[in-house]
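One letter stands for each residue in the lines below.
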Amino acid sequence: MATVVMTSLDAKSRAASRGMSDMKIRNLFIIPTILFLIVFNIFPLIYSLGYSFTDFRASTNVSANFVGLQNYRELLNDPFIWSNFAITAKYVIVSVSGQVVVGFGTAMLLNRDIPLKGLLTTLLLLPMMLSMAVVGLFWKLLYDPSFGIINYALGFGSFEWLSNPDMALYAVAITDIWMWSPFVMLLSLAGLSAVPKHLYEAAAIDRAGPFYTFFRITLPLVAPILMIAIIFRTMEAFKTFDIAYILTSQPTTEVISIRLYKMAFQEWQTGRSCALAYIVLIMVLAITNIYVKYLNKVKER
Amino acid sequence: MAAVRTRSERALNRLAIAAVLVITLIFLAPIYWITSTAFKPRNLATTIPPTIVFEPEISPFVKLFTKRSQMRGAPTPEEYAAAPWWERLVFDGGEKVVRSGRGDIQLSGYPNRFMNSLIVAISSTVLAVGMGTFTAYGFSRFKVKGEADLLFFILSTRMLPPVVVAIPMFLMYRAVGLNDTHWGLIILYTAFNLSFSVWLMKGFIDEIPKEYEEAALVDGYTRMEAFFKIVIPEAATGIAATAVFCFITAWNEYAFALIMTNRRAQTAPPFIPSQVGSGLPDWTVIAAGTFMFLLPVAIFTFLLRNHLLRGMSFGAIRK
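Top line first, the protein sequences correspond to chains A and B. Going by full-length UniProt numbering, the first residue of the first sequence is number 1, and it counts up by one from there. Going by full-length UniProt numbering, the first residue of the second sequence is number 1, and it counts up by one from there.
Pulled out of the complex, with its shape left as it was, chain A reads as follows (with noise of 0.2 Å):
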């Protein structure tokens, strides 16, 4: 053991013995960032699995009771709680999607030789920098139907955005997809420029028109990237609280970490929504799953 595993330059281990071995460094370095996020990251999950089995309620002084599996029963039974869920699907499907094809649209076009790429690129970057709580409050501006810049810009009168159920949540989605499509647009963009520039030389000499250059060519070789951002979005939204949250308080755009929010914060459900907040973890680990599978998959190529 106190031999010090070195390879063969003995200069290497006379430097070595003078310091620290490189074992031990090694430990240093990298086991207290390991237990760190084992006290802050894992700890707590099995503090609130244990929660997630009683009637506890922060709230109160009243020390909890074990309930056994009723937390789970009682969640996978509500069909309140599934319509949150159906609402946050809603929500994934419809903003992913508007983002891609904004972004995705957007980097097409950029893909060309256009004065000022650059500036452009670092400019629509921004909105994906800001916090998307003070996103959701300045939309809120945006969108009001009086004063609103937006109906005023579209014409639409005093359409009411935010307190329309109907409408609420294409409102949030909107605001996501303003926020968000650069970012489907940075990484389309990277793969656009990857792609090799003789095939569309072939494809120009074999008479080959635009829908089938891009279907044929463009499309198959950016997919890979292409599937990261709607991976990595997909995640994203499924999380989605903020800006929900601060733009509308309409129920059909209670996603479901509003909803455990809720539970948890202000009815004060503490074992209730310790255990809801399991089953969304199950769903975001399966979801992680496909993430990093499709993640290696493009790291291989």
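Worth flagging that the hints you see were computed from the coordinates, not collected in a lab. Only a predicted model underlies this, so the values are computations on that prediction, with no experimental measurement involved. Don't take each hint at face value.
[What the hints assert, rightly or not] Here are the simulated DSSO-like pairs of lysine-lysine, each with C-alpha atoms no more than 30 Å apart in a straight line:
| no. | chain 1 | residue 1 | chain 2 | residue 2 |
| --- | --- | --- | --- | --- |
| 1 | B | Lys229 | A | Lys297 |
| 2 | B | Lys210 | B | Lys145 |
| 3 | A | Lys262 | B | Lys229 |
| 4 | B | Lys143 | B | Lys67 |
| 5 | A | Lys297 | B | Lys145 |
| 6 | B | Lys67 | B | Lys145 |
| 7 | B | Lys229 | A | Lys24 |
| 8 | B | Lys143 | A | Lys24 |
| 9 | A | Lys24 | B | Lys145 |
| 10 | B | Lys145 | A | Lys293 |
| 11 | A | Lys293 | B | Lys229 |
| 12 | A | Lys297 | A | Lys197 |
Put chain B on the given structure of chain A with help from the hints.
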């Protein structure tokens, strides 16, 4: 590409340029609108048709920093505005009284929340990037058992919805008294950013040739000296890029700040929306607060433009 080009192709290109310009304008319009609202007099903020041309004012910012219900004998916002800038720049723990030459000024909650945001974002960035750099070096240069699994574990800590983690964290924090403290948020954001920092820094350190340190070791440096004198300077741009990413994430975070703080350590993201309230909010003041809050991020985005792509994709794409 440019060599053979028909007339129709050139027209198409011009069309694409026009479309890109329009899209960029649409994307920037909301940011322009909030910025311009921040400099409007209150009566012009909510007019229809919207006021495009107006004389910019700083009164929204004055109102943002001072309490609107003035104490007796304290200067009015106008007097405050007339005071020299150094007097106006004194932030003293928020909602407290600042002595200016012209009497006492009661500050609003905003300067305090802004300072809290700065304290929390900077501290957690330093911690996350510091630990992240060490750990990334460890993974990059030494054999680690189950390296892929450990790295995946590190990444996975970032995939949960914040609200899911927030419930047990809230209970834990309450038990140990970390609720509504700067340290509480700093630790949370460090944990949050650490995974990102390790992954990003590993990408940067992997690209520094091992030979540099090996040469240093041969020259009689210890591993630690080689790390600090060779690797850290080589990775400086990567460290800067990672730091700005971590800063922006911590700066913008909302859900944890909403749940874990209420007054003492509250940051700006939960504070600014809470000022809207019911009734007729003064949108110029809210816009001013928003503008102040967006400014550092806008500057960083511009400075960091060349590193954004790699950071946003966890190094999946190299450019």
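Would you mind confirming whether the straight-line C-alpha gap from Lys297 of chain A to Lys145 of chain B stays at or under 30 Å? Judged against 30 Å, a Cα distance of about 23 Å means the pair holds.
Hint consistency between Lys145 of chain B and Lys293 of chain A [alpha-carbon to alpha-carbon, up to 30 Å]: The given pair, whose Cα atoms are some 21 Å apart, holds under the 30 Å limit.
Would you check the hint for Lys262 of chain A and Lys229 of chain B, treating anything up to 30 Å between C-alpha atoms as holding? Status violated; Cα separation ~51 Å.
Please work out if Lys143 of chain B and Lys24 of chain A have their alpha carbons no farther apart than 30 Å. 12 Å, holds
Can you confirm whether the C-alpha distance between Lys67 of chain B and Lys145 of chain B stays at or below 30 Å? 58 Å, violated
Restraint status (C-alpha distance of Lys24 of chain A to Lys145 of chain B at most 30 Å): This hinted pair holds, its Cα atoms lying about 14 Å apart.
Are Lys210 of chain B and Lys145 of chain B close enough, with their CA atoms no more than 30 Å apart? 20 Å, holds
Given the proposed pairing of Lys143 of chain B with Lys67 of chain B, does the C-alpha separation stay at or below 30 Å? At roughly 58 Å apart (the allowed maximum being 30 Å), Lys67 of chain B and Lys143 of chain B break the hint.
For a C-alpha distance cap of 30 Å, please report whether Lys229 of chain B and Lys24 of chain A respect it. 19 Å, holds
CA of Lys297 of chain A to CA of Lys197 of chain A, is that 30 Å or under? The given pair, whose Cα atoms are some 24 Å apart, holds under the 30 Å limit.
Hint consistency between Lys229 of chain B and Lys297 of chain A [alpha-carbon to alpha-carbon, up to 30 Å]: Given pair Lys229 of chain B, Lys297 of chain A is violated - Cα atoms ~37 Å apart, limit 30 Å.
With the threshold set at 30 Å, check whether the alpha-carbon distance from Lys293 of chain A to Lys229 of chain B stays at or below it. Violated: Lys293 of chain A and Lys229 of chain B sit about 38 Å apart, past 30 Å.
When each numbered hint is compared with the structure, violations occur for hints 1, 3, 4, 6 and 11.
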